[in-house]
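Protein chains in written order, with the working numbering: chain P, 2 to 333; chain L, 2 to 333; chain D, 2 to 333; chain B, 2 to 333; chain S, 2 to 333; chain G, 2 to 333.
Be a bit skeptical, because a hint or two may be false.
[What the hints assert, rightly or not] The calculated DMTMM-like cross-link candidates involving lysine to aspartate or glutamate, where the alpha carbons are at most 25 Å apart (straight line), are:
| # | chain 1 | residue 1 | chain 2 | residue 2 |
| --- | --- | --- | --- | --- |
| 1 | B | 58 | B | 71 |
| 2 | P | 84 | G | 185 |
| 3 | G | 84 | S | 238 |
| 4 | L | 211 | G | 222 |
| 5 | D | 211 | P | 28 |
| 6 | L | 211 | G | 185 |
| 7 | B | 211 | S | 238 |
| 8 | P | 211 | L | 33 |
| 9 | G | 211 | S | 33 |
| 10 | G | 211 | L | 245 |
| 11 | P | 211 | D | 185 |
| 12 | G | 211 | G | 245 |
| 13 | S | 211 | B | 238 |
| 14 | S | 211 | B | 222 |
| 15 | B | 84 | D | 238 |
| 16 | S | 84 | G | 222 |
| 17 | L | 211 | G | 271 |
| 18 | D | 84 | B | 68 |
| 19 | B | 84 | P | 6 |
[As the list claims (entries may be wrong)] Across the chosen pairs, the derived CB separations fall in these ranges:
| # | chain 1 | residue 1 | chain 2 | residue 2 | range |
| --- | --- | --- | --- | --- | --- |
| 20 | D | 47 | G | 63 | 32 to 42 Å |
| 21 | P | 322 | G | 126 | 46 to 56 Å |
| 22 | S | 38 | G | 199 | 31 to 41 Å |
| 23 | D | 260 | B | 69 | 44 to 54 Å |
| 24 | B | 8 | D | 269 | 42 to 52 Å |
| 25 | S | 279 | G | 165 | 43 to 53 Å |
| 26 | D | 277 | B | 33 | 54 to 64 Å |
| 27 | L | 5 | P | 225 | 52 to 62 Å |
| 28 | D | 197 | P | 199 | 37 to 47 Å |
| 29 | D | 184 | P | 198 | 52 to 62 Å |
[Said to hold, decoys possible] Some residues of chain B that are not near chain P, with every Cβ distance over 10 Å (derived):
| # | residue |
| --- | --- |
| 30 | 71 |
| 31 | 73 |
| 32 | 85 |
| 33 | 91 |
| 34 | 215 |
Worth flagging that the hints you see were computed from the coordinates, not collected in a lab.
Everything numeric in this text was worked out from a predicted model, so none of it was measured.
We put the CB at the ideal spot given by N, CA and C, even for glycine.
Single-letter residue listing:
There are 6 protein chains.
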Amino acid sequence: MNSPDFVPADEVLSGETADVYFAHTIEILRREGINPVATMEVFPSRAGILCGMEEVKALLARVLPKDRRDVWALSDGDVIDRKEVVLRITAPYQSYGLYETAIVGILAHCSGWATAARQCVDAAHGIPIVSFGARHVHPSVAGTMDYSAMVGGCAGCSSVAGARMAGIQPSGTMPHALILIMGDTVAATEAFDRHMPPDVPRISLVDTFKDEAEESLRVAEALGNRLNSVRLDTPGERGRVTADLVREVRARLNLAGFRHVGIFVSGGIDPERINYFLENHAPVDGFGVGSYISGARPIDFTADLHEVDTRPVAKRGRTPGITPNPRLNRIL
Amino acid sequence: MNSPDFVPADEVLSGETADVYFAHTIEILRREGINPVATMEVFPSRAGILCGMEEVKALLARVLPKDRRDVWALSDGDVIDRKEVVLRITAPYQSYGLYETAIVGILAHCSGWATAARQCVDAAHGIPIVSFGARHVHPSVAGTMDYSAMVGGCAGCSSVAGARMAGIQPSGTMPHALILIMGDTVAATEAFDRHMPPDVPRISLVDTFKDEAEESLRVAEALGNRLNSVRLDTPGERGRVTADLVREVRARLNLAGFRHVGIFVSGGIDPERINYFLENHAPVDGFGVGSYISGARPIDFTADLHEVDTRPVAKRGRTPGITPNPRLNRIL
Amino acid sequence: MNSPDFVPADEVLSGETADVYFAHTIEILRREGINPVATMEVFPSRAGILCGMEEVKALLARVLPKDRRDVWALSDGDVIDRKEVVLRITAPYQSYGLYETAIVGILAHCSGWATAARQCVDAAHGIPIVSFGARHVHPSVAGTMDYSAMVGGCAGCSSVAGARMAGIQPSGTMPHALILIMGDTVAATEAFDRHMPPDVPRISLVDTFKDEAEESLRVAEALGNRLNSVRLDTPGERGRVTADLVREVRARLNLAGFRHVGIFVSGGIDPERINYFLENHAPVDGFGVGSYISGARPIDFTADLHEVDTRPVAKRGRTPGITPNPRLNRIL
Amino acid sequence: MNSPDFVPADEVLSGETADVYFAHTIEILRREGINPVATMEVFPSRAGILCGMEEVKALLARVLPKDRRDVWALSDGDVIDRKEVVLRITAPYQSYGLYETAIVGILAHCSGWATAARQCVDAAHGIPIVSFGARHVHPSVAGTMDYSAMVGGCAGCSSVAGARMAGIQPSGTMPHALILIMGDTVAATEAFDRHMPPDVPRISLVDTFKDEAEESLRVAEALGNRLNSVRLDTPGERGRVTADLVREVRARLNLAGFRHVGIFVSGGIDPERINYFLENHAPVDGFGVGSYISGARPIDFTADLHEVDTRPVAKRGRTPGITPNPRLNRIL
Amino acid sequence: MNSPDFVPADEVLSGETADVYFAHTIEILRREGINPVATMEVFPSRAGILCGMEEVKALLARVLPKDRRDVWALSDGDVIDRKEVVLRITAPYQSYGLYETAIVGILAHCSGWATAARQCVDAAHGIPIVSFGARHVHPSVAGTMDYSAMVGGCAGCSSVAGARMAGIQPSGTMPHALILIMGDTVAATEAFDRHMPPDVPRISLVDTFKDEAEESLRVAEALGNRLNSVRLDTPGERGRVTADLVREVRARLNLAGFRHVGIFVSGGIDPERINYFLENHAPVDGFGVGSYISGARPIDFTADLHEVDTRPVAKRGRTPGITPNPRLNRIL
Amino acid sequence: MNSPDFVPADEVLSGETADVYFAHTIEILRREGINPVATMEVFPSRAGILCGMEEVKALLARVLPKDRRDVWALSDGDVIDRKEVVLRITAPYQSYGLYETAIVGILAHCSGWATAARQCVDAAHGIPIVSFGARHVHPSVAGTMDYSAMVGGCAGCSSVAGARMAGIQPSGTMPHALILIMGDTVAATEAFDRHMPPDVPRISLVDTFKDEAEESLRVAEALGNRLNSVRLDTPGERGRVTADLVREVRARLNLAGFRHVGIFVSGGIDPERINYFLENHAPVDGFGVGSYISGARPIDFTADLHEVDTRPVAKRGRTPGITPNPRLNRIL
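The shape of chain P in the complex, shown without the other chains (with noise of 0.2 Å):
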């Protein structure tokens, strides 16, 4: 997986998405004529994985002078503690001060998300996780959601967007409105099959018209070995797909001879749920997971000034001075 070339977009730079008081900030302070070197921290408000720095690094390039900045940080897809800083900026304040909304913006977010997306690695031990969450975002984040899911350790995406960000193809199967249209799973499966290049697998949904084990032998009895897998997607009104008819329909898919036939499930997937599959000895070839990731809060975090032109200083309830950690690297 690769990292993308961040761009700031203009009305991050212009201060647009800021809180106004920061532009309130700068302004006082330019009229002032203050603009000390100061050191800005940022730390989250609970463990997670973080993401997001990538893209406030590209930021911070654009907007500190190139002579007079000095930033450490750690990395995206790093394991993060509770109040550990993450992110060291020394420049003087005029220069970054308005981007204090952003910057801690994009870390909340991009950090929330990988996150989630981590508990249902851990969870899924080694079976792959597809990010199908897009649907519960707005578009305006789909892409930078499902990157922030890969750098939690997601296989895959469903977003082109997000793909192309993370230099992937998109993953998907196939919807219920394209089975519905046809009016038959087979038929819409053949039709796939006809008109998608050799390199998208065939992963038939199998529960919108017959029962699912049914489906799946018609479905695996049409494609033969150009199935790759069904997808089990049975709705809450139906039961849900439970551990049980995961294990019947590997078995019918066997006892008709299709062992090379995937199962791939989806519906409310999380972390708890993930782990009912596997103590219950469900054999499951892939989880897709929804708004488990995508709906997931953001990391809060803070960013705190604790050195004003080398001068220790902090607000009340802090440690005046540079927290230390050696764990953090010089980025810029």
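Using the hints provided, position chains L, D, B, S and G relative to the given structure of chain P.
Then chains L, D, B, S and G, alone, in the frame of chain P:
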């Protein structure tokens, strides 16, 4: 509060932000020469406040054929029920199938924010709520988040972008950074007062260096009638803002003749905390709410085909045919 | 519903089924020449529905001396309270002491079953309950169990013996075995229709091979107006019968013009589950209840002597003398 | 302990105790001329102690054709696991289909009793348990219940019928009724001693009239070495038997030189209560257990067809074909 | 009930019982020549019944200068609220500063006892409560504890000192020791009856040697009309006194014609237990309460300066100036 | 720490503080001429730390006949178990029967305090605990309470009386009252420093007027090396003392070069709170504990006669005769 003119983004229109399987589906249907008039219904997984429909409408107005479309919906700000149909699109499927991800994504994220905002507004029984959470989301959605919070009932927001969308002035006080750089709360407040236009309210943040009650009296004495409010934001390390603190600051301000100075409270505010202040008779004049709103979980929305060429259809677990909802209005 | 003519079994009359210490007691009293007129009162350890009294009465009528007996009791089907006296026997002790085990055993087991049945009936608010639990009890009590369930309010039962005791026709649909042997649900239902007398309702079990909704439509099309109901019995491995499934099958049957076909639900049904279906507006036409009724814990009954030769007595912990209960009627 | 010669009851053989739909099924198959060799597997819904298999074997031996039967099973007293196959019948379906209700009913009820008994036996760590629960079940199953309790590990039982099935002497002390009629515990105990054969142990019930410790000393003084034990059965109204009471009675008996007199405890005994006595070092010599064993819930058993004429079959939710279980032995 | 003439102890007046830092404070102020008129307010940390104010008043009357004092307070027995001001002293600080420890200590301990007593009295709905807890506190406060219990509403107490303070006769029955020494409850009760003055009620303790019901009848027969009550005090080892036991003893006494004999219950009595007896309709004529009252946690009181030489002051967390409370009355 | 010379109080010796029924008992026995040598055993209702035995010993030494006494006991400070015999008195009953109330009352109250103190000491893992709770108990027991706290392991106490009993100097800092009267924390601390002898440690209370961290630096600058510690006592209205506050004050003191200044914490301290500070690595140098120790529930003790004139006796529920306890030592 106005609603802005939403303009669909290029990467939404191109399908870049969509799940890849919708691109596959449109491709397959095109090659098979299938393009039925299909009716898609959209409903939420839990109750809340609807938001994002104006933005969805702008997208549909752009992509649906003007003479073959029939779209019914509820409005932004409406209270919606679990599983209630909030949007029904009837049009040739190829014209909109690619946008399912964006449509439910917009509604999910925006309704999640609006719903959380409404919970705070309801808890506050008339005390104004200001959205302060831009710092917990990616800057690409900071404006949309604040706009959704105002759809949910907030009286203001801190991001410039969100305020612009709602057609109001952004709200803000001053950051700890300004005070730490200036070295004294009174000095910082006086500088703010010197340089800010008269229509920006003077709200002084009083927990940076000294005891909040002591500092409140100091800034009140310095600015006199020009001081609008003090903001209490005591960090968790110092026991957070308590109802007793608000009462005490109120009493000490009153004793010194500063009855006109309001008290604005922020820091970990959520409905439970708002309720705590009200139950303990704390004379709060405004609440700043951050991650409770901006970090709210999206409300998952589901999009289902219910008719294909006037034929009732549905996947297993759903009921074929149109789901009646007399609350819907035709929007396109 | 009738009450059968109970005939005391030989092994009850001989004391074979009694606790051995009652045989010892009668032997000792006989050798000591002691045979006082003693009053025994019987009460339950918890509230419920009384059942078994008719059978007890038949036993007492057989063993008590006709001229020296005085027996008062409540009736089968009566609501009884914790510690309420439900039976009071006054007669020479040697005539009935041996039967204490049988008397309280009959009341305990039958009242346990009737009480559980009543809980289901109450929960169902008028939807008929059929007792299906013969398969969870020893065949020696299968009929008595089903009879007790009907005393408790069930509309029918599946065992031939229970139905005979209550003077009704036994209820039944078809087992999975028939369908598995015939290889197809429609074929099995048609065979049933071919060979069963017209007064046996055609109720087809629709979860054996295919999706329940699909199979319901297939059997409805095959039998048309002759089809009485479908039975949903989805196993736990497939997520049990859900309220949504019932609603969906109802909708699909209606859409296809089969409004006359009822829906009968079984599988792990208990009052909580019945309540779930009602609260979720599932249009159920009948419930089959198994082990909740047939596996119900007996209600312990206690038998205490309260008078011996007109002298009030009681063991420690009880009050000497007759316990007044105006609800009792003389039965012998 | 022996196993009795079980003789199938006429009403079982006639199908009188069966669910009526099995009679229907046999009738339909006969008319259709269908009688495949079918394999039925039986498994429990939860773990426990198997009981009833001897009785089931007697039934199958009677009804299956001797030259076309193949029956494998576990044995009475075996520890069985949830969903473990305990019985596999291969034979022409018409020969045994009618008996499914009886087969699973016998196993359910008997295994429920044996399992509860085993829980008490395990809790008691070697202190003998006597089944005293005949008074909580219908007399038709009183003997079978006590027999099952002994299969589960009880050292004795109170019903004559149960003891006869197990080939032992029934156990018993004396009822409160004897003492109330005689008017004094010592008088009753002396009468018992006068008239009972020497091999019946003298166990005096000491809580009827006086303080248990005082009464224990009185009967010990009256019978001397002939007294086997005292039984403590203090009712709930008087605080039940406590561990302290047992210890105190033991101490007072020892102090008076009656170390040979045992202490037998009854009244609401279950594994939790047994554990309480052991944890509190109460010197109990035997426990009488009533409704915990006799009122135990049956263990539901399920019977599934897995092969029809050598073809693997299964209803939805189950796996087609024979389920391997190396623990099974051929019994017919 | 009277209030005694409290006389301040020498070691209180000398500061011996005070926190040493108050002695330091007085010393420092004296050396600095500072002795402002200061107003101290005292409030409790939780709601309850006020007690100890009479004793505090006696102390203040002794130490405050008669012409420069102004003391307002609530009264012993008053219901007080959390944080309600119960005492306000205005006087030269040096005259009373040393006594803060004693003032709040007296109120804390006494109010704790009175509050617990009131909870029992409220629970008993008119049945008299007698304080029996002298044995759980140091003898230096036994009288004060019992006096406080009576301020809280008890009808009597067992300690001579407490009764003397309240101006009543102490209450008592007889100890187990007397009965154990005399060897028989009837003998002990007869000796009591022989030697005690006629105005001491004959209350016999009936659980020492024999069953309580049996012993109650024995003492009632021995003393006849002279017997006032029996006391049930069954120890935990014997299952404590139960509501059923009280009902049974009542029934057996009535059956024998001793309706005039009351039933007094003791042993682990607290409001929950009192409620249990009342809910179960136990005919109790009096409760003896021990450690629930005497072992009650003190109610912490806080003393704060609110004015110094007419200037409103307060430490952080409190509001400067007099706290209005219209319920206060001037006491000095 | 020493043990003081306890002198029995007159009102204890006269029976004034006793339960009246003991006076009655002695009177009756005297009139009956009964005075057996009786053995009384005393045991606690729960485990803890024994305290009060020295005081009990002084009482017994005074009242028991020197030539007919035999007293065995455990010692103050010993860990004792539930129901363990801690005191056994053998002497003529008339000589000590009157003092049962005082004996068990002294042990109950003192052991309750010592046990609570030990819990704090154990939680603090070596950080000194000072007893500050005199203000929550009646002054008659303030000294005894503090003495018991020191028997439990406290390093000091605030009451003069308690310190005198233990033979140490009382501990104390300064009250809020001194600072409120002086009007400034630094001024008050300087006055303290001026007038107190050099051996009284200078501990400044820093939460009265200003932020604790700010005030700590101010007093440290004022007193320099003479400052021993600061005391943090932040009230609940201001969020109590937090671990973060302690860490911050430590950091700010160190940054300013005041590493020699200790931090003493008080306000609602109990074992759970101590544990919280330790788990969160707060560098606390001492804890002041108030009502957790002084308001601790007494440990109920029970006194039972076990022999009367060498004959084993016991009331129901207890075992007759001497209870062996090899840990006892003869004390009289």
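Hint check:
no., hint, in the structure
1, B:58 x B:71, "12 Å, holds"
2, P:84 x G:185, "36 Å, violated"
3, G:84 x S:238, "12 Å, holds"
4, L:211 x G:222, "17 Å, holds"
5, D:211 x P:28, "71 Å, violated"
6, L:211 x G:185, "15 Å, holds"
7, B:211 x S:238, "17 Å, holds"
8, P:211 x L:33, "24 Å, holds"
9, G:211 x S:33, "24 Å, holds"
10, G:211 x L:245, "16 Å, holds"
11, P:211 x D:185, "15 Å, holds"
12, G:211 x G:245, "17 Å, holds"
13, S:211 x B:238, "17 Å, holds"
14, S:211 x B:222, "17 Å, holds"
15, B:84 x D:238, "12 Å, holds"
16, S:84 x G:222, "37 Å, violated"
17, L:211 x G:271, "29 Å, violated"
18, D:84 x B:68, "58 Å, violated"
19, B:84 x P:6, "56 Å, violated"
20, D:47 x G:63: 32 to 42 Å, "60 Å, violated"
21, P:322 x G:126: 46 to 56 Å, "29 Å, violated"
22, S:38 x G:199: 31 to 41 Å, "33 Å, holds"
23, D:260 x B:69: 44 to 54 Å, "47 Å, holds"
24, B:8 x D:269: 42 to 52 Å, "35 Å, violated"
25, S:279 x G:165: 43 to 53 Å, "49 Å, holds"
26, D:277 x B:33: 54 to 64 Å, "39 Å, violated"
27, L:5 x P:225: 52 to 62 Å, "54 Å, holds"
28, D:197 x P:199: 37 to 47 Å, "56 Å, violated"
29, D:184 x P:198: 52 to 62 Å, "41 Å, violated"
30, 71, "22 Å, holds"
31, 73, "21 Å, holds"
32, 85, "15 Å, holds"
33, 91, "19 Å, holds"
34, 215, "58 Å, holds"
Figure legend: structure checked against the earlier numbered hints; hints not met, in rising order: 2, 5, 16, 17, 18, 19, 20, 21, 24, 26, 28, 29.
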